[in-house]
Amino acid sequence: MTDKSKVDQLVDWVDERTGVKALMDEALNEPIRGGARWAYVFGSALLFLFVVQVVTGIVMTLYYVPTADHAHASVAYIQKAVPGGALLRGIHHYGSSAMVILAVAHLAQTFLYGAYKQKRELVWVIGVVMLLIVLGFGFTGYLLTWDQAAYFGTKVGTSIAGEIPGVGPIQQKIMLGGTELTTVTLSRFFTAHVFLLPLLLALLAGLHVSLFRKAGPAGPYHNRDDNKVDRFYPKQVFFDSVAMLVVFVTLVYLAMKMPAELGPVADPSSDYLARPPWYFMPLFQLLKWFPGPWSIVPTVVLPGVIFGALFLLPFLDRKAERNPFKRPIASLVLLLTLAGSIGLIFLARHQDRTNPEFAEKLKKQEEEMHAFFKAPFEPQVIGATTAMVGATGAGGSGAAPAAYMEHCADCHGANGQGEADLGPPLTGMSAKPRRTAEDLFKIMEDARAYDLKKPMPASFPDISEADKKAIVEWMLKLK
Amino acid sequence: MSDHLSTQDNTERRSFLGVLSGLIAGGITAVLGINIGRFAVSPALSAAGVENWSDLGPVAEIPEGKPVKRNVVVSQEAGWGKFQAQRAVWVIRNGEKVTVFTAVCPHLGCTVNAKEDVFICACHDSKWDVAGNSQGGPTPRGLDSLEYKVEGDVLKVRYQDFKQGIPQKEVLS
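So the sequence lines, in the order shown, correspond to chains A and B.
The opening position of the first sequence corresponds to residue 1 in my numbering, with each subsequent residue numbered one higher.
The opening position of the second sequence corresponds to residue 480 in my numbering, with each subsequent residue numbered one higher.
In short, the hints are calculated from the structure, not lab data.
Ideal placement from N, C-alpha and C gives every residue a C-beta, glycine not left out.
Please note that the accuracy of each hint is not assured.
With the Cβ distance kept under 10 Å, some of the chain B side facing chain A (calculated, not the full set) [as the list claims (entries may be wrong)]: (1) Phe-495; (2) Leu-496; (3) Phe-518; (4) Asn-550; (5) Gly-558; (6) Gly-615.
Assemble the whole structure, with the sequences as input and the hints as a guide.
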């Protein structure tokens, strides 16, 4: 008799066929030089957050509609009407900010620990690309609600992209899908946000982790704990789990305490004062100081320098020294950049609050947003046809003549409302060119002379002259 | 002896932290899972059909004895929208007596047409007489009549959908 329990036997059975034990061993028993640390939790927390964003994002597409005329109503439905909707959307909304914060924290930790050195250059470079993708997620996701802030924020964002010398104008057109911000833009942003960027980020994350695993964790920047080694499981797994819990609880708390915002539907004719999400605020603030042709300084030059430096960092800095205190210039540059960015965010907020003109307008916008947000959900009314008035005979043209019902209604609808793919609506005919009573009469005699194509019959020899007149009369009254 | 003890301690510590990590993962999954379940399922279960009485105009305007096709507008509440959908019905008036049939063929859902005094469905060649009784073809039953009422002199009909392909008339809900 063996001592093996049924569970162990099952595990062995699966293992013999999959090699799952070796896989788990590889995943969990990776040695961490210098021992497990809280400082190492950011990467795992980011991966966790990405999964949360994917899951909450996928479920929201159950109801979300990516067209300009329904997007806002569908988001309002998710936020206000569907049980669990406010929570899931809130997690996704604050999750995007958390992604940026954790990505920057992860980058700063790696930078300060000098963990991009010693054959980890590619891990670092891929990480920088992933940071750009995270910002791309923020930019494309912002438009999807199609409220005032989304519309005007994206308008400014794409205009900035258009001001870049050389490629700007064509880049802007490709982003917008034309010259204006329309439903086509929304489709493009949606496709990027839910298909392209997630796929790209998932692939890069896989590469990032596997290359990191190949190089092994860098460990602490000093040699004091060199003889101490922890396995990834259980201590670092536990630290990582706690970090995930903190992230998750924070997101749930924010989603419940301060529900993700949704303002009134985009009104392109309004004078809405656009403000970007906080992580683009430094750029926004700098734009105020670099007017006209100088605006490329904050939009192109500065981001170009910062990301260029990040990309090149592991190739420029070839020294083995990892201690941040012995690399004062590098550490100082990082801290100043971070402090500067945070300072610019607060400065932008401060100026918005103190400038009487802005402050008042922004306050009004915020009140409008809260008013819309508090109002109960109203379903969007679709397709209330004026033709239905005709059906009841109230104020319209009354019921269709019998000849119409026999010969025309199957394709143009019993009330002249049209049928998809068969016949166009006949409403509003009196306002159209070449559609006088005489024209309409002639159309029924010789439709091809009026360029009407099949399936419209060329003529209606079965309809009497009197009936044709009745049809024309009725048609012209259709509103 | 002490070696043995410390190994045991270590194993216990390992499994303790492992269990805690598992609890955290389980808790997060549960909170997300429950809310995703509510989000995905509850609107589907609570969706209620709306009572839909639609106007068909004054009774007097319905011609005597001959089937007339009329469109009714039904209001569907579906998720974020309230949709006005057109549905066709056939109305037959014989003096005071009115009959309203849905134009949906009980066979497979094509639109039923009228020729002279017979109803036909051109899709699969089903036929009914003017009273809606089956007169051949693959249709499993007669045409489905709809509930109606006359308010003032206005004819109103309560539009409903019925299950297709079965011999008995059963409301789809």
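Going through the hints against the structure:
1. Phe-495: holds, 8 Å
2. Leu-496: With a closest approach of 4 Å, the B:Leu-496 hint holds.
3. Phe-518: holds, 4 Å
4. Asn-550: holds, 4 Å
5. Gly-558: This hint holds: B:Gly-558 lies near chain A, its Cβ roughly 6 Å from the closest one there, short of 10 Å.
6. Gly-615: Violated, because the Cβ-Cβ distance from B:Gly-615 to chain A comes to roughly 23 Å (cut-off 10 Å).
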